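Engineer: Full structure from sequences and hints, please.
Residue numbers (this note's numbering), protein chains in the order written: chain A, 5 to 315; chain B, 5 to 315; chain C, 5 to 315.
In case anyone wonders, no lab produced these hints; they're calculated from the structure. Keep in mind it's a predicted model, so treat the numbers as computed, not measured. Do not take every clue at face value.
What the hints assert, rightly or not - DSS-like, lysine-lysine: derived pairs with alpha carbons at most 30 Å apart:
#1 B:Lys314 with C:Lys37
#2 A:Lys294 with C:Lys13
#3 A:Lys43 with C:Lys214
#4 B:Lys314 with B:Lys238
#5 A:Lys289 with A:Lys34
#6 C:Lys125 with A:Lys258
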Amino acid sequence: MRILKFKEKFSEGIISAKQFDREDIDYILKKAKEMIQIKNSNILQGKILATLFFEPSTRTRLSFESAMYRLGGNVIGFHSGDVSSIKKGESIADTIRTVENYSDCIVMRHNLEGAARMAAKFANVPIINAGSGSGEHPTQALLDLLTITEEVGSLDGFNIGIMGDLKYGRTVHSLSILLSNFDVNIYFISPKELRMRNRDKDFLRQRQVKYKEITKYRLILSVLDVLYMTRIQKERFIDLEEYEKVKDIYVFRKEDLDDTKNEFRLLHPLPRVSEISPKVDSSEKSLYFKQTFYGIPMRKALLAELMSDKS
Amino acid sequence: MRILKFKEKFSEGIISAKQFDREDIDYILKKAKEMIQIKNSNILQGKILATLFFEPSTRTRLSFESAMYRLGGNVIGFHSGDVSSIKKGESIADTIRTVENYSDCIVMRHNLEGAARMAAKFANVPIINAGSGSGEHPTQALLDLLTITEEVGSLDGFNIGIMGDLKYGRTVHSLSILLSNFDVNIYFISPKELRMRNRDKDFLRQRQVKYKEITKYRLILSVLDVLYMTRIQKERFIDLEEYEKVKDIYVFRKEDLDDTKNEFRLLHPLPRVSEISPKVDSSEKSLYFKQTFYGIPMRKALLAELMSDKS
Amino acid sequence: MRILKFKEKFSEGIISAKQFDREDIDYILKKAKEMIQIKNSNILQGKILATLFFEPSTRTRLSFESAMYRLGGNVIGFHSGDVSSIKKGESIADTIRTVENYSDCIVMRHNLEGAARMAAKFANVPIINAGSGSGEHPTQALLDLLTITEEVGSLDGFNIGIMGDLKYGRTVHSLSILLSNFDVNIYFISPKELRMRNRDKDFLRQRQVKYKEITKYRLILSVLDVLYMTRIQKERFIDLEEYEKVKDIYVFRKEDLDDTKNEFRLLHPLPRVSEISPKVDSSEKSLYFKQTFYGIPMRKALLAELMSDKS
Numbered sequence: 005m006r007i008l009k010f011k012e013k014f015s016e017g018i019i020s021a022k023q024f025d026r027e028d029i030d031y032i033l034k035k036a037k038e039m040i041q042i043k044n045s046n047i048l049q050g051k052i053l054a055t056l057f058f059e060p061s062t063r064t065r066l067s068f069e070s071a072m073y074r075l076g077g078n079v080i081g082f083h084s085g086d087v088s089s090i091k092k093g094e095s096i097a098d099t100i101r102t103v104e105n106y107s108d109c110i111v112m113r114h115n116l117e118g119a120a121r122m123a124a125k126f127a128n129v130p131i132i133n134a135g136s137g138s139g140e141h142p143t144q145a146l147l148d149l150l151t152i153t154e155e156v157g158s159l160d161g162f163n164i165g166i167m168g169d170l171k172y173g174r175t176v177h178s179l180s181i182l183l184s185n186f187d188v189n190i191y192f193i194s195p196k197e198l199r200m201r202n203r204d205k206d207f208l209r210q211r212q213v214k215y216k217e218i219t220k221y222r223l224i225l226s227v228l229d230v231l232y233m234t235r236i237q238k239e240r241f242i243d244l245e246e247y248e249k250v251k252d253i254y255v256f257r258k259e260d261l262d263d264t265k266n267e268f269r270l271l272h273p274l275p276r277v278s279e280i281s282p283k284v285d286s287s288e289k290s291l292y293f294k295q296t297f298y299g300i301p302m303r304k305a306l307l308a309e310l311m312s313d314k315s
Numbered sequence: 005m006r007i008l009k010f011k012e013k014f015s016e017g018i019i020s021a022k023q024f025d026r027e028d029i030d031y032i033l034k035k036a037k038e039m040i041q042i043k044n045s046n047i048l049q050g051k052i053l054a055t056l057f058f059e060p061s062t063r064t065r066l067s068f069e070s071a072m073y074r075l076g077g078n079v080i081g082f083h084s085g086d087v088s089s090i091k092k093g094e095s096i097a098d099t100i101r102t103v104e105n106y107s108d109c110i111v112m113r114h115n116l117e118g119a120a121r122m123a124a125k126f127a128n129v130p131i132i133n134a135g136s137g138s139g140e141h142p143t144q145a146l147l148d149l150l151t152i153t154e155e156v157g158s159l160d161g162f163n164i165g166i167m168g169d170l171k172y173g174r175t176v177h178s179l180s181i182l183l184s185n186f187d188v189n190i191y192f193i194s195p196k197e198l199r200m201r202n203r204d205k206d207f208l209r210q211r212q213v214k215y216k217e218i219t220k221y222r223l224i225l226s227v228l229d230v231l232y233m234t235r236i237q238k239e240r241f242i243d244l245e246e247y248e249k250v251k252d253i254y255v256f257r258k259e260d261l262d263d264t265k266n267e268f269r270l271l272h273p274l275p276r277v278s279e280i281s282p283k284v285d286s287s288e289k290s291l292y293f294k295q296t297f298y299g300i301p302m303r304k305a306l307l308a309e310l311m312s313d314k315s
Numbered sequence: 005m006r007i008l009k010f011k012e013k014f015s016e017g018i019i020s021a022k023q024f025d026r027e028d029i030d031y032i033l034k035k036a037k038e039m040i041q042i043k044n045s046n047i048l049q050g051k052i053l054a055t056l057f058f059e060p061s062t063r064t065r066l067s068f069e070s071a072m073y074r075l076g077g078n079v080i081g082f083h084s085g086d087v088s089s090i091k092k093g094e095s096i097a098d099t100i101r102t103v104e105n106y107s108d109c110i111v112m113r114h115n116l117e118g119a120a121r122m123a124a125k126f127a128n129v130p131i132i133n134a135g136s137g138s139g140e141h142p143t144q145a146l147l148d149l150l151t152i153t154e155e156v157g158s159l160d161g162f163n164i165g166i167m168g169d170l171k172y173g174r175t176v177h178s179l180s181i182l183l184s185n186f187d188v189n190i191y192f193i194s195p196k197e198l199r200m201r202n203r204d205k206d207f208l209r210q211r212q213v214k215y216k217e218i219t220k221y222r223l224i225l226s227v228l229d230v231l232y233m234t235r236i237q238k239e240r241f242i243d244l245e246e247y248e249k250v251k252d253i254y255v256f257r258k259e260d261l262d263d264t265k266n267e268f269r270l271l272h273p274l275p276r277v278s279e280i281s282p283k284v285d286s287s288e289k290s291l292y293f294k295q296t297f298y299g300i301p302m303r304k305a306l307l308a309e310l311m312s313d314k315s
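Structural biologist: Okay, structure coming up:
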């Protein structure tokens, strides 16, 4: 029996995966599963979502906007800091205290790691963190869990590989945090330069998560239930020479599938550049386009929970 | 008793504050006050608003779009000249004669001072001037009046300071023009380089407005009922050295509040850069975020008056 | 009697004018004419249109969005490759396989000629080609036909001049292809450097279209029923010196109208730069702004046919 309702617990919004305990995760997964069945509804009629994207996005922004329209709401926003008052020198705090007067919820992506948290301090409407620098991207991690539970099954007991840019990749930070609520074994696979940061590992150790850090994936492919790949985040590198050294370090090829279990599934938050061969796309073990599908019901569930007046 | 109805008098749209006499102002303030009570309605269902922003904007564009959605309408538009046919060399006249076929009203911001007036000459739908270079920004001035009358009281007899970039600041031009319909004393506070332009002062003199031009605000703070601050408009300076000389000339600090009356209120159209200390934000004398709130009912009132089919 | 319904035949979407036979053209013109009468409807309520514009656009994008709203639907999208994941290196195929999960139909403009066709191969929702490099722009050509048939009359027997940049102008490629279904005489008027490409002429010859290629238009003005002018496509020239040589080669002036028949009509897909004098605008022989008007009913008809669930 839930003591706090979701809307009350998350009245500030969705800032970090750390806000979620197992009960919250199970609840929002259940709500998202219901949303798969409900294509259109009017539950958010009269509500306005603001999407403030200071960094480029296709998937996350369009997915939130589509979800909002499917629930009967409307959307305002901007897709680049260049076309807004940020260009005139406005602070995030001022932008937020303005836009909260125009909307019922704000989805925000920003290049600074603490941006969403700061926004939530100033806003009277819920903030949804749609990516904060190299920090977190909690709604992506939630849709990743929805994809796994719908397409693979219960997570408990799983061997999960998380591979690529674990230093700058915000999706893997949020995913690792959510996974700390499950009984899983995690393999963090990355070059040494792009390992998980100490603060993230400290958190996992405190929560007694079983994880190993390795640099090669071939040897463990056969034991994995899920491999979650990520793009090397070119835009986070200060030194492009550093980027060139590691950018092609992992390329998942069709042959790699032969070494995997029948139940093995490959995920990727997209966009990909060259780290998964297009020949892998048609395999039933590839779930990365299914992830974009599951983004809609998960975001519908989150928007409905945060904004709906119905109790 | 109004002879011309608002919609007929403003059939060309809202181009300049000079279109408004006292009766028009009182009428639209009354309509805006009604809109504060009506969060959502369907009065503009089936109507389309076009927002054509050739210059960056957060507040004005999102505020119009939110207002339009709250009235049941829809919105199309662009947020930068870069992503439209302007890039291919199209004239404003051609853009307007195109977009009027797609919409029921056009909100337009442009870097040229005569742009909105020119657009109105070519359009068969109402044009709303959302900022024309250094010229005017009439809907901002209307929401400023709404804020003052709702939060402070009747304007008549007020001492009003208008401070900052009075040369390039379009909001202060429109505000001064609207104030010429009231019995107020205006203090124009600016460095000599950024004084009100002669043409604006000629207009005020013709209308027998009582105003003084001064360069320092400390001495008169205690007599002011309202101080309206503005940002130094960096983007209007041709010579950035000139900008550097004046940009920090006025910074309103928390200590300044001590010299003001209890009833004193501080307004700013936003965005601010550094001209008001963030420590002033929490004072009940600060109304600049309330202004963003009042932008919605004022724009709802204007959109409803210009587009609604109901008489 | 149609064997295949429009929706079935065009289940992949509208990629090329070559998909249309005379019966399809007559059918969609009839549907578009009906849409002129129906200003607003709810036929696409609950549907979402994605507008993906990798190249700038005013007319085409806003026209599709307005049409979608007039039919009760909603719109998501981006207006520049800069603000989307393309900037991070994503392929068209991946973008499409993502956005198809968020929408019921995708309108796409891209600088590459085969982009729309490629997108259609990967998408499970219909793709509408809103301009593919120098290739095609079929919905523009359809609205051109609607304009001519509504404003001038049946096309059969007409002398039609098509003038300007016939090499890079995608609208004239699609228009020529559609005209191959009618009994018309075409005069292709261009400098030698900008003639129709051989592959386009081969297609017309196969379909036994009567056409002539000439470089001057004065001599034939008096025989034309319709003159379709186009802008020289600056953005397609690799060598800007080449562009400078030809950019002002044709300028239609008011005096030119004196040499034309009473029934003569001048069309242009817009934007124009300097190729038609503004003095021509007020003539009743000028139809280019009417074309923007007819864009809405044509696009409403296309969207309704592709997305409506009603049979």
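Engineer: All the hints need checking, so say for each whether the structure fits it.
Structural biologist: To see whether the hints hold, each was checked on the structure:
Annotation: proposed proximity of lysine 314 of chain B to lysine 37 of chain C holds, straight-line Cα distance about 28 Å (limit 30 Å). Restraint check for lysine 294 of chain A and lysine 13 of chain C: the C-alpha separation of about 28 Å stays at or below 30 Å, so the hint holds. This hinted pair does not check out: lysine 43 of chain A and lysine 214 of chain C have alpha carbons roughly 51 Å apart, beyond 30 Å. With a C-alpha separation of about 43 Å, the suggested pair lysine 314 of chain B and lysine 238 of chain B falls outside the 30 Å cut-off, and the hint is violated.
Straight-line distance between C-alpha atoms of lysine 289 of chain A and lysine 34 of chain A comes to about 24 Å, which keeps the hinted pair within the 30 Å bound. For the proposed pair lysine 125 of chain C and lysine 258 of chain A, the alpha carbon gap of about 21 Å is at most 30 Å, so the pair holds.
Hint check: violations occur at hints 3 and 4; the rest are consistent with the structure.
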